[in-house]
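Enquirer: Using the hints, position chain B against chain A.
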Amino acid sequence: MTNINLLQSALNAASLRQSVITNNIANAETPGYKAKQVVFEDILKQHLNNQTSNFVGKTTDPRHFPIGDSSDLPAPQVVEDDSTVMQNNGNNVDVDQEMTNMAKNALWFNSLSKQMNNQFQQLSIAITGRSS
Amino acid sequence: MFDSLNISASALTAQRLRMDVVSSNIANAQTTRGSYVNGKWIPYQRKMVVMEPRVSSFSQVLQGQLQQQSQSGLQGVRVAGIVNDNTPFNRVYDPSNPDADSSGYVMMPNVDVSKEMVDLLSASRSYEENVTAFNTSKSMAMKALELGS
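Quick mapping for you: the protein sequence lines, in order, are chains A and B.
Sequential numbering from 176 applies to the first sequence in the numbering used here.
Sequential numbering from 784 applies to the second sequence in the numbering used here.
Here chain A stands alone, though its shape is the one from the complex (with noise of 0.2 Å):
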């Protein structure tokens, strides 16, 4: 798995967690609604963890086993908390952990897709030549 395709998939994770917590600050006031927050590092350290061997095979058909590491990304997964209430309503959206997490997102999507140029930048002096 290339650097380049490990950082589309965070990319992708993060403009999930972008809809996810507009859509928690959206649905701040909405009763019954619950909070939902969107694990990725988790799994993507997971599927780090068990990248042992370059010896991979490729998988063609989805009955086939895996050998080695199966090539498809870590795909980042929604996960609802229902367990706590913030309000009387049953809404339990904290406004100012979203508003901090949207923060944080996104400056991790720019330093991601900072990460991501000077891949391409690279690519491009390795093609050209020149670092112009």
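Check each hint, because a few of them may be wrong.
Stated by the list, open to error - Below, in silico cross-link-like pairs of lysine-lysine (DSS-like), each with a Cα-Cα straight-line distance of 27 Å or less: (1) A:Lys220 x A:Lys279; (2) A:Lys279 x A:Lys209; (3) A:Lys279 x A:Lys289; (4) B:Lys921 x A:Lys279; (5) B:Lys921 x A:Lys289; (6) B:Lys830 x A:Lys209; (7) A:Lys220 x A:Lys289; (8) B:Lys926 x A:Lys220; (9) A:Lys233 x A:Lys220; (10) A:Lys289 x B:Lys926; (11) B:Lys926 x A:Lys279; (12) A:Lys209 x B:Lys926; (13) B:Lys898 x B:Lys830.
As the list claims (entries may be wrong) - What follows is a list of derived Cβ distance ranges for each label pair: (14) B:Gln843 x A:Ala250: 40 to 46 Å; (15) A:Phe240 x B:Ala927: 35 to 41 Å; (16) A:Leu282 x B:Met831: 34 to 40 Å; (17) B:Lys898 x A:Lys220: 47 to 53 Å; (18) B:Val866 x A:Leu282: 50 to 56 Å.
Treat the hints as calculated values from the structure; they're not laboratory data.
Virtual Cβ for every residue (Gly too), placed ideally from N, Cα, C.
Expert: For chain B alone, kept in the frame of chain A given last:
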């Protein structure tokens, strides 16, 4: 990526409607002739906005499963309806009022202006939060456009 912009937009619409309803309540805080029922004037009834999460339809969920997208089902918020507040009307003694009954009492709307002001503040804060969320999503989309350049 555009999902989050649409979600914020739906919330902006909903909060704006809440502000409109609050304005209507405050404007009609003294309206004794809200509706004409059985030959009698009924005062204005306080109105409230009911919101609910907008969920995706069956076909959208099926499409998402078939294309193996990450199933979020996030569509923002929508206004389920505007309902009347059925708390009893305020009874005020004012014999000179044209709508006073035989014993001199007038039914006034069940609008509590201080409650409306709190609602108005809450709606306007929510609006600001959603504007912030919208701007963040927009700047992220702009960053995504600059990828590879």
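Enquirer: Now tell me, hint by hint, if it's right for this structure.
Expert: These are the hints, each one checked on the structure:
1. Taking the CA atoms of Lys220 (chain A) and Lys279 (chain A), the gap is about 19 Å. The hint holds against a cut of 27 Å.
2. A hinted pair counts as satisfied when its Cα atoms are at most 27 Å apart, and Lys279 (chain A) with Lys209 (chain A) qualifies at roughly 21 Å.
3. Taking the CA atoms of Lys279 (chain A) and Lys289 (chain A), the gap is near 15 Å; set against the 27 Å cutoff, the hint holds.
4. A threshold of 27 Å between alpha carbons decides the hint, and for Lys921 (chain B) with Lys279 (chain A) the separation of about 15 Å falls inside it, so the pair holds.
5. Proposed proximity of Lys921 (chain B) and Lys289 (chain A) is supported: the alpha carbons are some 17 Å apart, at most 27 Å.
6. Proximity of Lys830 (chain B) to Lys209 (chain A) is assessed by CA-CA distance (about 26 Å); at most 27 Å being required, the pair is judged to hold.
7. This hinted pair checks out: Lys220 (chain A) and Lys289 (chain A) have alpha carbons roughly 21 Å apart, not beyond 27 Å.
8. The straight-line distance between the Cα atoms of Lys926 (chain B) and Lys220 (chain A) is roughly 25 Å, inside the 27 Å bound, and the hint therefore holds.
9. Distance hint between Lys233 (chain A) and Lys220 (chain A) is fulfilled; the C-alpha atoms sit about 22 Å from each other, no more than 27 Å.
10. Restraint check for Lys289 (chain A) and Lys926 (chain B): the C-alpha separation of about 9 Å stays at or below 27 Å, so the hint holds.
11. Using a Cα cut-off of 27 Å, the hinted pair Lys926 (chain B) and Lys279 (chain A) holds, with the two alpha carbons roughly 15 Å apart.
12. Taken as a hint, the Lys209 (chain A) and Lys926 (chain B) pair is broken in the structure, with Cα atoms around 30 Å apart against an allowance of 27 Å.
13. A hinted pair counts as satisfied when its Cα atoms are at most 27 Å apart, and Lys898 (chain B) with Lys830 (chain B) qualifies at roughly 12 Å.
14. Checked against the given bound of 40 to 46 Å, the beta carbons of Gln843 (chain B) and Ala250 (chain A), roughly 19 Å apart, lie outside it.
15. Under the hint 35 to 41 Å, the C-beta atoms of Phe240 (chain A) and Ala927 (chain B), about 36 Å apart, fit the expected range.
16. The given range of 34 to 40 Å is respected by Leu282 (chain A) and Met831 (chain B), whose C-beta atoms sit roughly 38 Å from each other.
17. In this structure the hint that Lys898 (chain B) and Lys220 (chain A) lie 47 to 53 Å apart at CB holds, the actual value being about 49 Å.
18. In this structure the hint that Val866 (chain B) and Leu282 (chain A) lie 50 to 56 Å apart at CB is violated, the actual value being about 42 Å.
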